[in-house]
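S.K.: This is what each chain is made of:
There are 2 protein chains.
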Amino acid sequence: MTLPLADVGEDASFDPVTGERTGAVPHSTPEEVASVLDLAARAATPLAAASPAARAAWIAAAADAVLAASAELVELARAESGLGLARLEGELTRMAASARFYAAVAVEGSYLGVSRDDLPGGSSLVRWNVPVGVVAVFGASNFPFGFGIFGHDVASALAAGCPVAVKAHPAHPRLSVRLGAVVRDALRDAGAPDGCFEVVVGFHSGLRLVDSPVVRAVAFTGSQRGGMALVERAARRGVPVFAEMGTVNPVLVTPAAAADRESIARGFADSFTLGAGQFCTKPGLILVPSGHGFVDSIAEAVSRVPAAPLLTAAIAAAYEGGVSELVAASAGSAAAPTAGAAEPLPGFSVVARSIPVALDRLTAGSRLLEECFGPVALIAEYDDLESALAALERLQPSLAASVFTGEHDADAAGAIARLATRVGRVAVNAWPTGVATTWSQQHGGPWPATSRPEATSVGAGGLARFVRPVSLQNASAEQLPLPLQPENPWNLPRRLNGRLTLPE
Amino acid sequence: MTLPLADVGEDASFDPVTGERTGAVPHSTPEEVASVLDLAARAATPLAAASPAARAAWIAAAADAVLAASAELVELARAESGLGLARLEGELTRMAASARFYAAVAVEGSYLGVSRDDLPGGSSLVRWNVPVGVVAVFGASNFPFGFGIFGHDVASALAAGCPVAVKAHPAHPRLSVRLGAVVRDALRDAGAPDGCFEVVVGFHSGLRLVDSPVVRAVAFTGSQRGGMALVERAARRGVPVFAEMGTVNPVLVTPAAAADRESIARGFADSFTLGAGQFCTKPGLILVPSGHGFVDSIAEAVSRVPAAPLLTAAIAAAYEGGVSELVAASAGSAAAPTAGAAEPLPGFSVVARSIPVALDRLTAGSRLLEECFGPVALIAEYDDLESALAALERLQPSLAASVFTGEHDADAAGAIARLATRVGRVAVNAWPTGVATTWSQQHGGPWPATSRPEATSVGAGGLARFVRPVSLQNASAEQLPLPLQPENPWNLPRRLNGRLTLPE
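In order, the protein sequences belong to chains A and B.
Just so it is clear: in the first sequence, position 104 is 194 by our numbering, and no numbers are missing.
Just so it is clear: in the second sequence, position 411 is 501 by our numbering, and no numbers are missing.
Just so you know, not all the hints are guaranteed correct.
Which residues of chain B face chain A? A few of them, derived with a C-beta cut under 7 angstroms, are [said to hold, decoys possible]: (1) GLY211; (2) GLY212; (3) VAL216; (4) VAL417; (5) TYR472; (6) VAL518; (7) SER530; (8) GLN532; (9) GLU544; (10) TRP580; (11) LEU586; (12) LEU590.
These aren't lab readings, by the way, just hints derived from the structure by calculation.
Predicted model only: the values in this text are computed from it and were never measured.
Cβ atoms here follow ideal geometry from the backbone N, Cα and C, with glycine treated the same way.
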């Protein structure tokens with residue numbers, strides 16, 4: 091695609107609850123994007139040279155500033171996303187906590203991978219991880235805070251020492267620009283290098299980031315189509331795109347768990363309609379043992395789910411189209427689809443749906459195996475567990491899967507092991523929709539759940555996306571960079587002649 | 091490309107010293123390749139479940155078998171590569187040692203990334219790395235042992251728990267098949283899962299590996315054209331290709347190092363003509379301070395380099411063509427190219443060359459910035475160090491760079507830091523052509539030196555290419571896989587609630 095010389099468009103802002111246009115944000119001009127990238131490139135060297143502790147202090151200042159502006163930011167997010175205030179307040183608070191977490195991961199220092207070998211003949215070889223350079227981030231529609239302007243990708247890139255240019259998501263442009271200003275100003279006031287963080291607006295601005303020679307990595311959260319388009323575009327110049335994309339996350343209920351039918355049915359309805367079904371970890375399919383009344387129980391639970399607004403008119407339209415396709419593809423099932431409560435539907439609101447399908451309809455190439463964003467999920471009954479596991483292996487690999495088991499369930503370990511070959515996270519007797527920001531989190535999965543199965547966009551492993559290893563051979567003491575100096579000034583875990591050693 | 095239903099071709103074997111055809115190996119049939127892949131897929135689960143110590147024992151048995159067959163294998167390698175016996179004996183011995191090293195890295199266990207967090211509410215989240223599945227390896231022409239059938243890629247994939255299917259390199263088909271049989275039989279006799287290692291022959295067999303749904307990662311060593319073709323082909327189904335490709339590795343001599351002119355000139359000629367210049371770490375360009383006589387000293391050293399056979403007739407022809415292009419692109423330099431000694435030239439032998447170029451000819455898009463495989467290198471004089479560093483930043487990123495410095499050289503640290511942003515390894519007062527297999531080795535570099543700048547194909551980090559993380563949430567003790575069990579049966583370094591702990 092040839093980019094236009096000028097971009098005079100804007101991202102309009104809508105209230106999903108009413109459907110009304112409430113404002114607009116002009117697109118960044120090509121000159122503005124160039125200036126953002128130029129400043130970011132200049133910030134790369136000082137940001138890389140800064141100690142993790144210095145970066146942590148800057149990130150903490152930004153987290154403080156976001157919390158201080160919480161009321162204003164949450165109101166902006168509510169007005170543009172239609173998500174509830176309580177949800178958004180919690181999401182903002184968790185965003186600030188996550189940012190501090192990534193800073194703490196940097197300070198702990200394992201991510202630097204410091205290693206030193208003494209070689210025969212008196213020379214040495216050292217290896218450590220260096221920041222890759224400027225990172226472009228494309229945030230998600232569905233988590234205006236968590237996967238947005240100062241979300242997981244941004245904070246982990248900054249913590250790893252990379253300047254960040256973020257593209258504002260068109261679902262919440264006013265929030266993006268305001269939140270961007272709060273973060274940028276706080277970083278600057280705390281002493282972070284000028285230009286190490288900025289927001290740009292507009293589709294073409296995003297492409298300019300991906301095409302820029304100063305951008306060395308891209309992080310993206312969104313659809314397979316959007317993610318793979320960026321992967322292909324950036325591949326032309328060897329730039330990695332860490333895309334977390336939408337797939338169907340399955341839930342398996344073992345026969346021994348059938349006794350928990352009612353709580354599983356309610357839990358499933360709650361989980362797949364959480365945030366109006368706009369979670370990348372939404373359970374999109376549940377496999378239940380036949381003959382236990384699961385289909386009726388789930389239908390009953392779904393019928394009580396209130397209508398809720400989706401993020402944009404386009405998402406709501408895609409949902410209605412997707413539901414029609416799923417219903418058509420499920421034809422022949424013994425049971426009929428169920429609709430949630432259908433109060434008057436203003437704005438971009440939609441009704442939740444659950445759709446029974448026959449297990450043998452879950453075949454490669456079927457529409458049933460592709461994500462439908464929004465509050466819809468499939469139910470399939472199985473007669474024997476092996477046929478359920480075989481069906482799960484026909485799905486696209488996904489971010490997460492859940493298994494509901496009985497106590498000392500002989501089927502559990504095998505089901506877990508087989509699911510682990512297909513997904514990034516297996517949750518046992520828990521729904522997939524909660525993602526804790528901890529050291530042990532894996533929010534990723536085999537392609538096409540992500541473009542990089544080795545990467546995670548939540549948890550301590552997130553920093554690894556934004557560094558690469560360098561070796562330095564036969565350097566004198568004065569030539570060693572700070573993290574490699576013998577006195578260990580950053581107090582890092584190190585590998586010395588192959589032996590992992592902890593700081594004192 | 092549509093693959094033929096049958097392949098009745100063969101890889102012919104030539105002696106590069108005489109140029110004579112000495113035999114041939116038939117291509118694997120499509121059925122044979124399918125059978126290799128089917129067995130490899132079946133081996134994936136038991137190989138992944140085996141302890142690192144069990145895998146280490148199997149790999150050690152294969153290393154023993156290779157050493158026991160050393161005389162036969164080295165003679166086969168000599169007859170097909172034209173490389174000297176001493177070099178090949180050393181390479182085979184190092185190959186066996188490297189295989190044991192990767193096994194030891196697996197046993198040490200940091201590569202498993204075991205981590206456990208206790209979450210609020212009494213549940214837990216664990217994370218560890220699982221093998222990705224079957225790996226296809228495309229070895230290199232230039233290291234029949236080191237980067238061949240049982241080289242770095244193969245041994246690190248097996249150590250990480252992945253079955254391996256290797257494509258025989260057409261430069262040494264007879265060695266590939268024989269070495270493959272030695273390794274396969276030794277693994278089988280030691281008790282490794284059937285089918286966990288096999289060799290296939292022929293170009294189309296290689297494409298069948300890349301296209302197979304059971305192959306989950308590809309490792310390649312060779313040209314940019316070959317590597318990027320595989321990257322593109324495998325990207326269609328989200329399979330990573332770890333390609334280590336050819337670029338120009340630069341050497342910078344600082345003004346303070348000019349006093350060492352004679353030893354640097356001899357060392358440079360030795361390094362870029364080592365193995366007839368067929369090293370991916372060959373120094374392809376040296377930047378020297380003007381006015382110190384470096385061009386004459388290097389010409390003198392090069393003029394004494396004996397002619398040597400290249401690996402294949404095609405490589406020899408590409409070398410002669412490449413040298414002509416480089417000479418044409420260097421036109422206008424003050425000094426003339428130098429040729430090595432030109433004894434009678436049987437077989438695929440060629441004469442070494444050094445080609446002076448003006449610094450300002452090193453510009454983006456010039457042929458001078460692209461690798462020419464074989465014993466040729468460029469020399470450029472600079473007047474001020476900044477212009478030399480600026481020229482280095484116009485090169486393609488590369489695997490390695492060398493800096494020659496004086497004692498307490500004020501220019502050294504800055505030059506090292508700038509080179510470190512462009513390469514995988516910086517060698518100080520050392521030539522880039524030696525690559526030790528240790529914990530701290532980085533044999534990689536930014537694209538296009540490799541397709542995956544975060545990866546290394548030599549050193550402990552090599553295993554990371556062949557695993558991906560999985561999280562398991564809320565599992566009961568009996569559902570935890572072995573490496574996660576509280577008693578730590580594999581004696582692994584672990585991260586517990588964020589704290590790195592060493593085994594006792």
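S.K.: Closer than 7 angstroms between Cβ atoms is the bar; does VAL417 of chain B clear it against chain A? Give me holds or violated.
M.R.: violated (29 angstroms)
S.K.: Tell me if the interface restraint on GLN532 of chain B is satisfied: Cβ within less than 7 angstroms of some Cβ in chain A.
M.R.: holds (4 angstroms)
S.K.: Quick check on the hint: GLY211 of chain B CB to chain A CB, less than 7 angstroms?
M.R.: violated (10 angstroms)
S.K.: Can you verify the interface hint for TYR472 of chain B: is its Cβ closer than 7 angstroms to any Cβ in chain A?
M.R.: The hint is violated - TYR472 of chain B has no Cβ within 7 angstroms of chain A, the shortest such distance being about 21 angstroms.
S.K.: Hold the hint about VAL518 of chain B up to the distance rule: shortest CB distance to chain A must be less than 7 angstroms.
M.R.: holds (5 angstroms)
S.K.: Next item in the hint list is LEU590 of chain B. Is there a CB on chain A closer than 7 angstroms to its CB?
M.R.: holds (6 angstroms)
S.K.: Does the CB of LEU586 of chain B sit less than 7 angstroms away from some CB of chain A?
M.R.: violated (9 angstroms)
S.K.: Do the numbers back the hint for GLY212 of chain B, that is, is its least Cβ distance to chain A under 7 angstroms?
M.R.: Because about 12 angstroms separates GLY212 of chain B from the closest Cβ in chain A, which is outside the 7 angstroms limit, the hint is violated.
S.K.: Would the stated hint for GLU544 of chain B survive a check requiring a Cβ distance to chain A of less than 7 angstroms?
M.R.: holds (5 angstroms)
S.K.: With chain A as the partner, please determine if TRP580 of chain B meets the hint condition of a C-beta pair closer than 7 angstroms.
M.R.: violated (15 angstroms)
S.K.: Can VAL216 of chain B be said to touch chain A, with a Cβ gap under 7 angstroms?
M.R.: holds (6 angstroms)
S.K.: Against chain A, with CB atoms and a cut of 7 angstroms, does the hint on SER530 of chain B hold up?
M.R.: holds (4 angstroms)
Against the hints set out earlier in the document, violations occur for numbers 1, 2, 4, 5, 10, 11.
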